[in-house]
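Got chain A; can you put chains B, C and D on it based on the hints?
Number of protein chains: 4
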Amino acid sequence: MLIVMDHQAPPELVRAVVEKIESLGYRAHPIPGAERTAIGITGNREPLDPAVFEALAGVRAAIPVTRPFKLVSREVRLEGSVVKVGEAVFGEGSFPVIAGPCAVEDREMMIETACRLRAAGAQLLRGGAFKPRTSPYSFQGLGEEGLRILQQAREASGLPVVTEALDVESFPLVEETADMIQIGARNMQNFALLRRAGRARKPVLLKRGISATLEEWLMAAEYVVAEGNHEVVLCERGVRTFADHSRNTLDLSVIPAVKHLSHLPIAVDPSHGTGRRDRVIPLARAALAVGAHGLMVEVHPEPDRARSDGAQSLDLEQFANLMSQLRAMAPVLGYRIGASAP
Amino acid sequence: MLIVMDHQAPPELVRAVVEKIESLGYRAHPIPGAERTAIGITGNREPLDPAVFEALAGVRAAIPVTRPFKLVSREVRLEGSVVKVGEAVFGEGSFPVIAGPCAVEDREMMIETACRLRAAGAQLLRGGAFKPRTSPYSFQGLGEEGLRILQQAREASGLPVVTEALDVESFPLVEETADMIQIGARNMQNFALLRRAGRARKPVLLKRGISATLEEWLMAAEYVVAEGNHEVVLCERGVRTFADHSRNTLDLSVIPAVKHLSHLPIAVDPSHGTGRRDRVIPLARAALAVGAHGLMVEVHPEPDRARSDGAQSLDLEQFANLMSQLRAMAPVLGYRIGASAP
Amino acid sequence: MLIVMDHQAPPELVRAVVEKIESLGYRAHPIPGAERTAIGITGNREPLDPAVFEALAGVRAAIPVTRPFKLVSREVRLEGSVVKVGEAVFGEGSFPVIAGPCAVEDREMMIETACRLRAAGAQLLRGGAFKPRTSPYSFQGLGEEGLRILQQAREASGLPVVTEALDVESFPLVEETADMIQIGARNMQNFALLRRAGRARKPVLLKRGISATLEEWLMAAEYVVAEGNHEVVLCERGVRTFADHSRNTLDLSVIPAVKHLSHLPIAVDPSHGTGRRDRVIPLARAALAVGAHGLMVEVHPEPDRARSDGAQSLDLEQFANLMSQLRAMAPVLGYRIGASAP
Amino acid sequence: MLIVMDHQAPPELVRAVVEKIESLGYRAHPIPGAERTAIGITGNREPLDPAVFEALAGVRAAIPVTRPFKLVSREVRLEGSVVKVGEAVFGEGSFPVIAGPCAVEDREMMIETACRLRAAGAQLLRGGAFKPRTSPYSFQGLGEEGLRILQQAREASGLPVVTEALDVESFPLVEETADMIQIGARNMQNFALLRRAGRARKPVLLKRGISATLEEWLMAAEYVVAEGNHEVVLCERGVRTFADHSRNTLDLSVIPAVKHLSHLPIAVDPSHGTGRRDRVIPLARAALAVGAHGLMVEVHPEPDRARSDGAQSLDLEQFANLMSQLRAMAPVLGYRIGASAP
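Chains as they are written, first to last, in my numbering: chain A, 1 to 342; chain B, 1 to 342; chain C, 1 to 342; chain D, 1 to 342.
So here's chain A without its partners, still in its complex pose:
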């Protein structure tokens, strides 16, 4: 923490701030300047609240200088983490693709889709059994029945399954079925759910909250890791801005920023990021090019009949086309793309 005093704050105010710092058990390092004095604070083990100091007389600003997250920080682990789900590897130059419908709707469709996705090169199967919906009157997912269908699709296709855990109540059901547990954007600061995910034995896919700063997102991951689950993959899915040409604004610049600050792998979801099918393929290519560790896309055999988010779903032919584009780009960018197509 650095305290910046007011212009021409008299020495007694500077002394009072130094004494306050020392009374809290920290060390104070005054730095006199031509126009004003600054005071460095060291010796704190946990982050300080700027507000405590900004409330003191003569203080203009209190500026945090250390990162509040620890376990997920690149500073504690220089090499990137690797998270494995079945044969899919997040990290180490691999680029697994998670694909499937927004919501699980129908057994046969799901099984057939899973097999066709695998054939096209997907390495994980997605599908929502419990759906978070803005309106209480919208389709909320098939629930437990949806989980059973996912299990059957896994058995038929061999693809491990990623599905969302919406709340602590239904978490055990999801944990039992899923190979990777998704925490959705709306739940990025549902701390009870994060702690529960931290006690799970399955890898976690942690989506970025719709207006989460990078620091808040990494702190959410810290909640999971602090409980003992180190298998966390982050997933960028667009943030809320003034821009109205896209459902959200996909923030690809966060990929190198995450890689700079944290050792966790990071995937990209261009389906939610854009909300429009014709934007998904270009932004999926960009996700590979920017250096992400994986991809999540919505695919539906008949997007126009999907019960949710059909407009952002690729059909199977478009998905195959996307995979062949990614496969062509991968070697140039130093990537391996998951399973080889038949």
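The calculated SDA-like cross-link candidates involving lysine to any residue, where the alpha carbons are at most 20 Å apart (straight line), are:
#	chain 1	residue 1	chain 2	residue 2
1	D	259	A	245
2	C	70	D	137
3	D	202	D	89
4	D	20	C	305
5	D	70	D	198
6	B	70	A	134
7	A	259	C	56
8	D	259	A	278
9	A	259	C	55
10	A	259	C	8
11	A	259	C	7
12	D	70	B	61
13	D	84	D	228
14	A	70	C	8
15	C	70	A	8
Keep in mind that the hints were calculated from the coordinates and are not lab data.
For chains B, C and D alone, coordinates are given in the frame of chain A:
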């Protein structure tokens, strides 16, 4: 829903869209124009997904024209709702003030503070027992012990208690103790929690999510009301924007917007809205002037020693000063301010 | 500037940064800590670019600690500035109201409106002769003819005139006619225009840019003042956010923030801030309550026939109603409201 | 425009709105529904102001359904425009790279840099002679002397020159020297400057305003094209959001959106978009992958000594590295990358 076709979309594409609409069981109303055709849709009972139509050939945009919320809408109830908590009344020209520390920290302090707040004119007591914190390493509140302290403060002061329910697990404890249950900003779309609050027998104070649109906020309230709990008070507490002079950007323009669209009462929390003590009083005055139905402010007997959010807390003298300002303004604005001071 | 080194950056990197700082002619103040070293920089006369230091090996962050603005800073002038335009006074507890149509449209209407506004208590007349429009096909204002009409309205009503200067070319015309020159939101960083306004002999009303930080806004004012024109009044008019219930998000929390950092007076424009007539009166009341130094509102005798922005214009009766509300509130808040009504 | 009436608005209000529409010379198309009536408007030649209708009794919302831009719209020209500057081609599968220092600082450095950039594969040379700066105390560029240096660098290197025109006053100087005239983000709605650029005989590079919607940006381009200059290339350079890990948020999703709505080519500037050198290369790759028509990057032979924006500048070696990455990716993505390296 209104479908806007592409410029010079040929008649067969228009026909295909009409057929699609009719195949879904709705009625289509084509409106030919000089440059393009639009098609109105009627007959749907629930909101339509624009994406379903935007994915069709020849369609430029699909524009929703009806509001998706029903029970909380001003259209179903012309007069404003009134929510009573003890002697406090949200609605009907009253302006109850909820005051207290961010977190419950200490029994004696809490009891004494509650009595002094009542003397100064507060009508409800706030205090967090379960605290949502960005970092897993920050103080998380006293939990059940905090709830017991709140009960004792209520007995001593006579003020009804508002406190946050963080998750479904601890909800019954909070429900038992609190007179009004707060749902925090981070939980505005925690649908399990909203549904649980909808089954509670206590009024709910529903804070706006940090980047929630007005529609999403009203839909969150709709989740509570749809479960049978009609006692909902909304609370604006600042939204996240690019602006960096304030912790959040307090959006007072949402007050008349809420009153236009919904019959629910709406309060304002300028403490979280600004994050700085010296901004709280001016913005509290503005909240009264703009027409809110109540106020929530953080007050701490010794803000510099508060374990959380001290920088945004008023001390007791500042609170008394705020109350006397509000009392002076109230009659001019047609308001009654809660309890009279002794 | 404070330089924060990486965790465990070796001493030679710290030394290299110190040498870089000294080679630039500044003094370096290393602050060793348990986990990392920070380095304070003093001796610079102008703001430093953080990027210069963040690009050095071993540097995690460079944090500016002094404000880059000088002449407009509260630090150089403790008491608030007062700007007078005719009998209107911005500052010193007065609250002048600027009123009039968005655009000057018609001579007779303008003259009659000006007289009626004065009778209702307005102290300045607004009206756009040169209009900035998003589309090249929209009405661009009457130009020079509009300025002549404003002059006549001033003569007839006695109200001084505020009108926008859109560019350097037409500035002399506006300077000659207007009593106060408005710089619009889109031009807040049109530096040629700001410099020209700084050489004008008339007071300037400087609107906040649609996504301007407080610092950028004050720096824009610094451009005007640095050229010698100290008569600057700031005007908040709403910022761009994700919120869609209002045209812009009126940021009333910026009023106390401006008063904290700068000695310049600040007014509020709730018409552009909200874009809707029914929001203007509540937010105008809030602007008075929050402590602004003045108000700007659009008033049109027949809003439905206005050639621009009719939906946000009050009619004359609504304006008279607003003035009587402000007059009732003013004494309670320690304000004088401009001219007394007849 | 579609007018949506209030729930149960009585027929006389519907009639009044229809009459209002017809009195303005348009045609009204009422669409009765189960819950409410909507009214389509046709026959208008220019965009209508929603506010005019929203102010009428019984109207809930007025929703624009046609795009206000015409000349730049994909609807009037199905194939993409191609803009040529020297040998560089924006459009037609080419991907020219504009490179050079933020500001022109020194003759010899500029000439040598230009030659080395050409050798590395740049097709255009950038360099600011007139610099827009937030602070009046920052380096404002070398002005006319900077333009002369750019001319000499062009002669020596053969690279055409892109430089910014800051205002109408200095426009003729820039127009004479530059091969492509840049309009900066802060000037995106400086309408006098846009009109002047529309009368220039040189291509224009139009940067997106820092919080411009896509529609506003295209309308700004429309100002240029409407004056007769069809040679416009758009340039995405990041928008302002709440995110604080990056100077701006580079919005790559706008590339497919622009290509959907407009025939103008679009380039990407990842240097301003991110503000950090280590983010530039990943995002430049992503710009190619997403389908942009060109790239603008800051390159400085000694970034640490740059007088402005050094932290976001690549050095020459990094630039050569970037170019070889782009050259490797290009054939896979169906692109040609500018000049071949020696």
